[in-house]
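Listed below are the residues making up each chain.
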Amino acid sequence: MKQFIHVQDVLTPKIKHTGTAINQLVEEALAYKANPLKDKQLGSNLRLGMLFLNPSLRTRLSTQVAAANLGMESIVFNVDKEGWALEFEEGAIMSGNTVEHIKDAAPILGSYFDVLAIRTFPSLKNREDDYSELFINQFIKYAGVPVISLESATLHPLQSLSDIITIQEDLLHKGPTDTKKPKLVLTWAPHVKPLPQCVANSFAQWVNAWSEAGFVITHPEDYALDTQFTIGATITHNQTEALKDADYVYVKNWSTYHDYGKVYENDPAWMLTNERLALTNNAKVMHCLPVRRNVELSDEILDGPNSLVTTEAGNRVWAAQAVLANIIKTLKQG
Amino acid sequence: MKQFIHVQDVLTPKIKHTGTAINQLVEEALAYKANPLKDKQLGSNLRLGMLFLNPSLRTRLSTQVAAANLGMESIVFNVDKEGWALEFEEGAIMSGNTVEHIKDAAPILGSYFDVLAIRTFPSLKNREDDYSELFINQFIKYAGVPVISLESATLHPLQSLSDIITIQEDLLHKGPTDTKKPKLVLTWAPHVKPLPQCVANSFAQWVNAWSEAGFVITHPEDYALDTQFTIGATITHNQTEALKDADYVYVKNWSTYHDYGKVYENDPAWMLTNERLALTNNAKVMHCLPVRRNVELSDEILDGPNSLVTTEAGNRVWAAQAVLANIIKTLKQG
Amino acid sequence: MKQFIHVQDVLTPKIKHTGTAINQLVEEALAYKANPLKDKQLGSNLRLGMLFLNPSLRTRLSTQVAAANLGMESIVFNVDKEGWALEFEEGAIMSGNTVEHIKDAAPILGSYFDVLAIRTFPSLKNREDDYSELFINQFIKYAGVPVISLESATLHPLQSLSDIITIQEDLLHKGPTDTKKPKLVLTWAPHVKPLPQCVANSFAQWVNAWSEAGFVITHPEDYALDTQFTIGATITHNQTEALKDADYVYVKNWSTYHDYGKVYENDPAWMLTNERLALTNNAKVMHCLPVRRNVELSDEILDGPNSLVTTEAGNRVWAAQAVLANIIKTLKQG
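Chains as they are written, first to last, in our numbering: chain A, 6 to 339; chain B, 6 to 339; chain C, 6 to 339.
One thing to keep in mind: the hints can contain errors.
Because identical chains cannot be distinguished in the list, a pair is counted as satisfied if it fits within a single copy or across any two copies.
What the hints assert, rightly or not - Below 25 Å or equal to it, Euclidean Cα-Cα: the simulated DSS-like pairs (lysine-lysine) are: (1) 19 - 185; (2) 86 - 19; (3) 43 - 130; (4) 86 - 38; (5) 198 - 108; (6) 334 - 38; (7) 108 - 38; (8) 185 - 267; (9) 108 - 7; (10) 198 - 86; (11) 38 - 337; (12) 337 - 43; (13) 334 - 108; (14) 108 - 249; (15) 179 - 86; (16) 45 - 337; (17) 45 - 198; (18) 45 - 249.
Bear in mind the hints are in silico, worked out from the structure with no lab data behind them.
Can you make the complete structure from the sequences, with help from the hints?
Rendered as structure tokens:
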């Protein structure tokens, strides 16, 4: 693995099918969960530089823990708080507020670290800019070392890998019940603020690439996601219909994609409750966290027996560890 | 030791008397001071997560150094600056400013780390809320791993343990002079801002539990502390009387407890000077730091031969190391 | 080496000539570049405390990497963001905004760490205050352990050492062409904000002490630097003349020294372009970064074959490693 930005990065010279490659990565992650220190020497004398242009709790800490499990040192740098504003536009005349160009910062960071990881967020103001992924792409272009996305403007691949690990783990616990593919539902949920589409985009991209589940997306009319990610899924505006017989319900808010970054809808009817959960096949409920309790998702669900959210967040460590291990192995092969 | 929040946490299955348990812990701390790396492998492959909802210098750094001395990795997370506002109330409808509930964050942190440490402060606005210790109690309730207080709304146990280590160490230096218990005075001092009662509460709680010193508390009339901590001490509003024959004078400001969080008094006469120190038995002077020089405590005292403040702050490392070692040993016993 | 604040700190009991001592340090740095882990055990069980009163990217990260290469643990503390305002004035009555006196903080940090490093900035408001270097001098006075400057009010020695390493390395690549000393030009460049004189002062101080290059400084009339640093250099207000036959051009903005901290001039004619570079002996171009592209220095230079800026920033690691190694060796000799 040379980078970890979108689902295609899971492909290897030997494995050309995303579903197979994802299953391989999930297996490696679960092996780390069973034995966190089995590759304690793999990252020895290697350094991971972690740059944050935006806040992060789970992603930062789980990746640091994963690195430590591999004997790799990680150093965190909060660019927004400990540093200064970076410029990403080519040819900019930097007489404004940006202090350093990514063209100057990235190669130096690449000389200090063996692997870099970066978190950026979308502006939610200009769709074209956000979906061009300028920030992370410029960073990759100039860094000269492997780059891991800790969430970018439109995707959150470490989250999606953790999500699939969590589903796979749950399916393994259940054992082989029948040959039917599990039904997986991604449902929009209300929120008080406009949020990125990253988690929803990325989850759709990964589930479609994984192709081991039936996949339905449900959201209010104005909340259609970019079809490059959703293609392959069934889409409905009827949550009731979507939830029927679901085995896994992934709950997440996102702001509008077409009329970009808006909050059109806040109908609490979209919030998952036990009453709505009764429509499903006793579905397990997932969320990437942080979650606004009793706005996005009810206490009764989060504190109930069907919630997988803590397991899912815990699995972030094993996802990051599997990805880091793959990147280190590729590095060592030169 | 399963947690380190209040003085009762020093008790062990074998030692049921707080004074004995404190002396045992002090002895262990002084053994680390003599030989910091004697348990270099004890914390190997264990991780300490340190969460700060408020700023910290000595507490953060001394605890990180203590962890390193035990071969334990520590990771710092400034929740207030690197993360987002946490919700602590059960059943909250999170449509306001709080982004994540402690019920969701704590168990995940507990899955990433073997031991957690947290610093919170009181609001100084609502006494009942502060004294309910909601924040740290909710954290303990949901973390699922041992929790160390790096100062909570009402107590600061690592500070108090360091204070007693410092006194004990000084007594050992003096050698057995006579059989009289040393006289220990906690005196209120002026300050420009309303400060928490934590250090004073905690010092009183620990000295009373230690019971190896005569203990006098002196403060202006309106500054009575919560009796649950002070019970056992002699209390007087006459500083002159209190200082008489004192062997150790602990200087600290706190805001009012009854009419909560107020600054009623700022009389510089309460500031300790060499003139006032002359009333004592050549007493050693202590303060937890940071100290407002020439407001809380005069330069002549802080820079004079009777000040123990640097020793006291240095001992923070050995206090934290003894506590961490005890918690690790309990963890390993399963 | 007992501290690393100004160029004189390179002198050793055996080497009394700064040029020789600098060359020795450069050689050690280049040996680390060739073999970063050759002294992997040197800093084992030692701790570096890094304090930032101002933001830092390269200095912080390169020093942390250098410490790790020596097996030394580093802990970062952003005093301005994670702590509180420090007081530096002797005898201050601390009833204002400063929370802790350096007299109290420094010795404690010295008890927690084996070596301390600190970054402070000038106010650019009061020249006398800034040039007294009160902050770093007070820190050194009270720390009780070796102190490394990560940039102070008037100097930036780790940068200057990296600069000379970079020049020396480039000269070694070229091989012995003739016996002429290389011509080195420090040129002022435009900027939108008033910047410290540190990098320019320090570069002048080091190049003059190194004395292995002909040295010319060029700047607009009002931008004369303090002569204590520039003495020995040829100074001209004519950039064209200065650039003639130059082998290395060091580009940097600074604010006025005499009428202190002002921006008098912003003439883009002072910005180095390929056209102006043509005046030189195909000179290599240097800058300490961060650089305002197309304000201080043009894209065509920064992205062209003559730029050494990335190499120069990369060499920060080896400069810091050579300095840390020297300080550790002195520490171990007791």
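Of the numbered hints stated earlier in the document, which are not met by this structure?
Per hint list: 1, 2, 3, 4, 8, 13, 14, 15, 17 and 18 violated.
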